[in-house]
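Dock chain B against chain A, hints included.
Line by line, the protein sequences are chains A and B.
Just so we're aligned: the first sequence equals residues 1 to 511 in this note's numbering.
Just so we're aligned: the second sequence equals residues 1 to 511 in this note's numbering.
Derived from the structure by calculation, the hints contain no laboratory data.
It cannot be assumed that every hint is accurate.
Given that identical chains are not distinguished, each listed pair holds provided it fits within a single copy or across any two copies.
[To be verified] Quick list of in silico lysine to aspartate or glutamate cross-link-like pairs, EDC-like style, CA-CA up to 20 Å:
id : residue 1 : residue 2
1  : LYS19     : ASP241
2  : LYS130    : GLU411
3  : LYS149    : GLU11
4  : LYS270    : GLU404
5  : LYS180    : ASP438
6  : LYS272    : GLU321
7  : LYS70     : GLU296
8  : LYS406    : ASP280
9  : LYS70     : ASP241
None of these values were measured; they are calculated from a predicted model.
There are 2 protein chains.
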Amino acid sequence: MEKDIFKGFKEYSVAEFFKKNRQMLGFSGKIRSLTTIVHEYVTNSLDACGEAGIHPEIEVWVDEIEKNEKYLVRVRDNGPGIPEKHLGKALGMMLAGTKFHRYVQQRGQQGIGAAGCTMYSLVTTGQPVKVVSKHGGVKLSCSLGIDFKANQPVLSERQVEECPPEEHGLDVEGVFGDTKYENSLQGVREYLKRTAIVNPHAAIIFNSPEKERMEYPKSVEELPERATEVKPHPLGIRPNDLLDLAGKVKGYTKLSALLQNEFTRVSLNKVKELQDLLPDVDLGMNPAKLSWGDAEKIVGAFGKVKWIAPATDSVIPIGKEQVEKSLRNILNPELVYVTGRPPKIYRGGIPFIVEVGIAYGGDIKSEGKGGVVMRFANRAPLLFDTGGCAITQTAKNVDWKRYEIKNFDEEPVAILVNVASVHIPYTSAGKQSIASEDDVVEEIRNAMMEAGRHVQKHLSGKRREREKSTKRKAIMRYVGQLSSDMAELAGNAEAEALKSRLTGMIEERFE
Amino acid sequence: MEKDIFKGFKEYSVAEFFKKNRQMLGFSGKIRSLTTIVHEYVTNSLDACGEAGIHPEIEVWVDEIEKNEKYLVRVRDNGPGIPEKHLGKALGMMLAGTKFHRYVQQRGQQGIGAAGCTMYSLVTTGQPVKVVSKHGGVKLSCSLGIDFKANQPVLSERQVEECPPEEHGLDVEGVFGDTKYENSLQGVREYLKRTAIVNPHAAIIFNSPEKERMEYPKSVEELPERATEVKPHPLGIRPNDLLDLAGKVKGYTKLSALLQNEFTRVSLNKVKELQDLLPDVDLGMNPAKLSWGDAEKIVGAFGKVKWIAPATDSVIPIGKEQVEKSLRNILNPELVYVTGRPPKIYRGGIPFIVEVGIAYGGDIKSEGKGGVVMRFANRAPLLFDTGGCAITQTAKNVDWKRYEIKNFDEEPVAILVNVASVHIPYTSAGKQSIASEDDVVEEIRNAMMEAGRHVQKHLSGKRREREKSTKRKAIMRYVGQLSSDMAELAGNAEAEALKSRLTGMIEERFE
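Next up, chain A with everything else stripped away, as it sits in the complex (with noise of 0.2 Å):
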């Protein structure tokens, strides 16, 4: 009996174990997953045009195959296309990718992305998903899918042909079962219209399952500043950070060495500082001989020196004028009101900055309610588990009586929030909201009110305007009684002089 038990110990791939946990990847819900799709191929291919330095030109297709069942999507960009050496990998091998090590500000999940898509193709109808990509004179043409015991790409009906150098791009399609296409919050619509509101430096068209089509032009010149690798800060790492660090970095002799060049802000004078504090531990040491209790002891120095904060330039706002475009571009608002607030720390080690955008009026109503909360973690929109997010959360205990909007739910105001940084404190691994650090949630609400205080001078402007002109009809009703009134008991005076003297005091008054 006790010998059977271990008789189906077996190993599985990671291929294998998303299939059955596709949930883990956003494949949960049908409007979810077709989401997930779309925001998986729109999010590589911004991040592909803008390490490439292309101002990206992004076409999407949703084409329904069985209603509320089985759709078609399309994403075409004009990145920088992907060569064949890494093409499968990129799209038919799960955590391959380049993304994963880096310790930069970066949209997407981490390596899986793409080949997620391809996995729920093949699960869900069996197809593999269509690729052409043209990358240095080369167009390749493919079928790819994914050999779930061993995690590997298979490739089918290549063909390749040349094409001028000056063309290039990626161009995806597959067919998607267990998804449904709706116009909601949560839906491809709404993901790309947000998309589009933070990316100004793109174009954006979706072709919807209706024929629609709708058509985000770029609103701004400049591509967005280039996301570089950063050093950590010493109080944004734990031990264990410590340790891979000491262990991938090669080339140092001395840890003392390898903590001045691989943090910021460690000075020679500073690691003399640390080893006053740590009389057991030899910061001379070889990196690949520290143990965990020394990186523990380290990380605990740390904590107890003064330390010059981070620099901030590693975290990149979308920029308060692109903002402001592009919301008067797609919101077309009466007032848009955008915060430029410098970046902030959290946990003493890591910047991030926040940016509030407020728009009134216009369409926003029409859009559906009021009190429309748009969420971004850079840039790309986060539109589920809403309920648990720090933004979402902010935005409610904000008294927003106090700026003159009455009834937040009502009102056409819609409210953008874009925190950026190189380490998003999620909540889960869905990746859809933001955690309740205090740093960041004092920071958003700061840039709330900063935001609020904006509106309430445009509506109390409103207001007093409003309020006058209703004061300046309700007087001038009496001025004609008033004038004839006068010109009788005055016995002589010309009623029609006397009225339009009145008049005019009251203009002047009321102006």
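Chain B alone, transformed into the frame defined by chain A:
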């Protein structure tokens, strides 16, 4: 420039992936992380004892190493132990195990559980876990870590001794950072109490960091039925599952034979019926040649045939008596009622069973507020993601007032709901809440209403008793006065005799 983009293209291991995405394994938040660790070990112990036919005796220790930060967790069982050949992989390799491939009613995650704990220990404290396994006359002690790059176990400090073959079991101990012990509804203590409630055949002891010792002795002698692998029902599968089956199961030259032998309820006649519905598909084909298109057609035809419902003996309830005994044991209530309803089917092909136990009065309220809902899936307590769970929502929607429970949240009432199935419809990766499948929700509601009616009987009995006794007392108050008044009016009657006759009449009436 473009060439640089792919410079960082890398593959990485599943262990590295989960190290970065530990929330996916339930390691999010300090309290939840600690509960997850205990859950993974205890689940493995219960499953191992179950498979070996052993009455589980499990002892759990949680010791504070650093308050609200670092705790030692030790779990010792009397299960079969793990032979050295499998020990490393079971505790130090992701995606290895016995549970992944089987279609069987099970508790645990899929081959990540214990290895995930080892990962968490390494990442938060740098320490491997310590293991003592007694199996087949050998006692093996060692430390176990993970080589993250290779996703391979690292075994050290290995010691092997002989031991009497009748001694067996596993004893795992680790130190885990980023954890917090709290005596709350989501903490280890509540987790173990609830585990004890639904596993009355197991003896569970918990030694808390506050040096309390909670003992939950076994309250029933019979071991639960063993979960067995079952064949799928045609209505419970999708094209992808059919293709998997056709690819995996060897030895069939004809698809029709595979259908008859690898599915439940598929007879020769049914195959003929299917063939008539599928003029373009030859069910006599070699299963290896099954295409997605044909699989899709076959699954479509499955939906058009009238099937006998699947056998439901694969679903193993805890049992009416068992739940009743343990609710009495642990909550000491004045009333307990447990439903003993037959299994049902959802989506036409997946059997499941719902057990609802209700307890009223006794120690329930002392455990916190009233209106406790204890959720379980295949006997494993669900403590997180409460809001979205079909069990919680259904409990909220039941009109408890009809059952004399005026304010569910305030009264001393506890409901236990266990959903058992080979395929629990979880809402998300965390496996902490059950999706609102119509058939499942309906059955939960019916079971709750059945339980409600029994509480109503009890409570309305109590209420009537109370009302009677109030009335009787009220009437009795008049008896003395009435008898002496009557004696006086009658002139000659004896007041005492009259009073005793009146009292007799009233007593009789209110008996």
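Outcome of the hint check:
| no. | hint | result |
| --- | --- | --- |
| 1 | LYS19 / ASP241 | between (30 Å within a copy, 11 Å between copies) |
| 2 | LYS130 / GLU411 | neither (45 Å within a copy, 60 Å between copies) |
| 3 | LYS149 / GLU11 | both (10 Å within a copy, 16 Å between copies) |
| 4 | LYS270 / GLU404 | neither (50 Å within a copy, 70 Å between copies) |
| 5 | LYS180 / ASP438 | between (38 Å within a copy, 19 Å between copies) |
| 6 | LYS272 / GLU321 | neither (45 Å within a copy, 69 Å between copies) |
| 7 | LYS70 / GLU296 | between (52 Å within a copy, 13 Å between copies) |
| 8 | LYS406 / ASP280 | neither (62 Å within a copy, 65 Å between copies) |
| 9 | LYS70 / ASP241 | between (43 Å within a copy, 18 Å between copies) |
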